[in-house]
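**Q** Each chain is listed here by its residues.
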Amino acid sequence: MTAVTHDRTTTGVSKETRAKITWSLLDIVVVVFALVPVLWIASLSFKTPATLSDGNFIPREWTLENYRVIFSTDQFVRALINSIGIALIATAVAVVLGTMAAYAVARLDFPGKGLLVGVSLLIAMFPQVSLVSPLFDIERRLGLFDTWPGLILPYITFALPLAIYTLSAFFKQIPWDLEKAAKMDGATQAQAFRRVIAPLAAPGVFTTAILVFIFCWNDFLFAMSLTSTEQSRTVPVALSFFTGESQFEDPTGAISAAAVVITIPIILFVLFFQRRIVSGLTNGAVKG
Amino acid sequence: MTTIDAGPAVKGRARTLTPLWLLLPAAAVLLPLFVYPIYQLGLLSVLDFRQAQVSGGQPTRFIGLDNYTDLMSAPRFWSVLWATVLFAAALVLVTLAVGAALAVLLTKVSRWAAYTLSLAAMAAWAAPAMTGSTVWMFLFDTNLGLVNRVLGWEGHNWTYERLDAFALVGAVVVWHSFPFVMVTLYAGIKALPEQVLEAAQLDGANPWQSFWRVTVPMLRPIIAIVVIQSIIWDFKIFTQIYVMTNGGGIAGQNLTLNVYAYQQAFASSEYGLGSAIGVVMMLILLAVTLVYLRLLRRSGEPL
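Sequences listed follow chains A and D, in order. Take 1 as the starting number for the first sequence in this note's numbering and just add one per residue. Take 1001 as the starting number for the second sequence in this note's numbering and just add one per residue.
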């Protein structure tokens, strides 16, 4: 690279710099395109009703009123509790069972291994909408309709295969021979696992948990068709009920605040674990 | 299975049992949770199952393939199927073009700029579909939206015309899905041997040429995977259409199979018909996924 630059004449260098500037400008444009919607809704959520539609990017009058309103309604608080509880439980179950299965896939040889990963992928790709009618019917008969388990179970159905698939890709990269080496150095099986393997596997498990949590947290389809009251309705669905109701004069501010609240955890995940999430997503496609 | 009572556990045999115990919990959860609803889906699709049957007022009745023949003879089904295919195809193309262009862009800018871009993109990717749909709806609001204000088109309704509405929903979907394509292709480009691109540059290839002649051919397996993942993703778009066009647009002009199935089942209480659409959906995506699995296997990914 350096050799090339040295050989170039000054005009060549400036051309390179100009290209660099063009690329960087494009970069900024895309960053703005990606971020504006998120920032815009954050801005709306801090505006007073009077300045809501003034088109200013930065609110002229800041207010926390919208947040106070949503947090003072059962409708939202209850939905937030539902969202957190349901997503956490589904994630925990999917990650624990997924870790066990992925360990078997990555470490052990057994007949039908290829089939297992294939089936996981098949389920992960399955159109959720196809299961909505049958699940509605089944859950009504079993008394699961409009309950926490009524949402947790379908989430696990789709999150577990996703976890198995993602974790298998992670676990395949772990240098398992280290375990053997530790045992040769006198560590017991349990010590070898705890001191050597667990720290190596933890990032993959953690990343998978984030991906699975995002899936459960963002779901709208199941949450809308398998719930009917505040008892189990999650925030994305509660949000769609904000409109049309006369509880708020103009629901825009309240909706914006609620949308910000459900987006905050997601943004935090991305902010802190961006590299891990990306590696979790690309692991299956890109080897390396 | 019989090894359990085969006297003192021989080490080798104990080891062959381990996978079973590790896989059993996942299988025990997945099989009933997945297989039973699919069985139920097939069953509902051959039943006369509407509001009256849900409330128990009337007995369910086996009607064979009537739901399917009804569906096949409905002009709406065919127009929705077409719309779904065209919409998904357009989305895949745009997402891929945007994602690929940005993956290349990431290789050209400074590390800091690349990091910022991928951070912003991942935020868009991970944002709930509901948040995305809501914000874009506010941005494109007929009277109060920022976009109409900037363009000076106040009063312009973005969801009135069929194509406008599809384009608006499409923009949101691309906003949500380009980051995946971008980061995957970028990871692929970074994994390429550096000398290859340098050699192309030394040979006088401009960025455009080296992209099409070097990067694309070498990334073919990853591109195939990204394309199929996008097809599957874009075929299943639900939230954005449902929320932004209020359940499928004016007179159902923006319905796709996904929303159509939901609408038949839940809005019209035609659960049998909705299930038949669900079966059609399932078969289409099954075919795409099988192609995907074959590609994975061919690209050497050990399954």
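No wet-lab data here; the hints were simulated from the structure. Since we're looking at a predicted model, the values are computed, not measured. Hints may contain errors.
Partner residues are not named here, just some residues of chain D that face chain A (Cβ under 10 Å, in silico) [as the list claims (entries may be wrong)]:
{"no.": "1", "residue": "Leu1105"}
{"no.": "2", "residue": "Val1109"}
{"no.": "3", "residue": "Pro1128"}
C-beta atoms are modelled at their ideal positions from N, C-alpha and C, and glycine is treated no differently.
**Q** Run every hint past the structure and note whether it holds.
**A** Results for each hint:
{"no.": "1", "hint": "Leu1105", "in the structure": "6 Å, holds"}
{"no.": "2", "hint": "Val1109", "in the structure": "5 Å, holds"}
{"no.": "3", "hint": "Pro1128", "in the structure": "4 Å, holds"}
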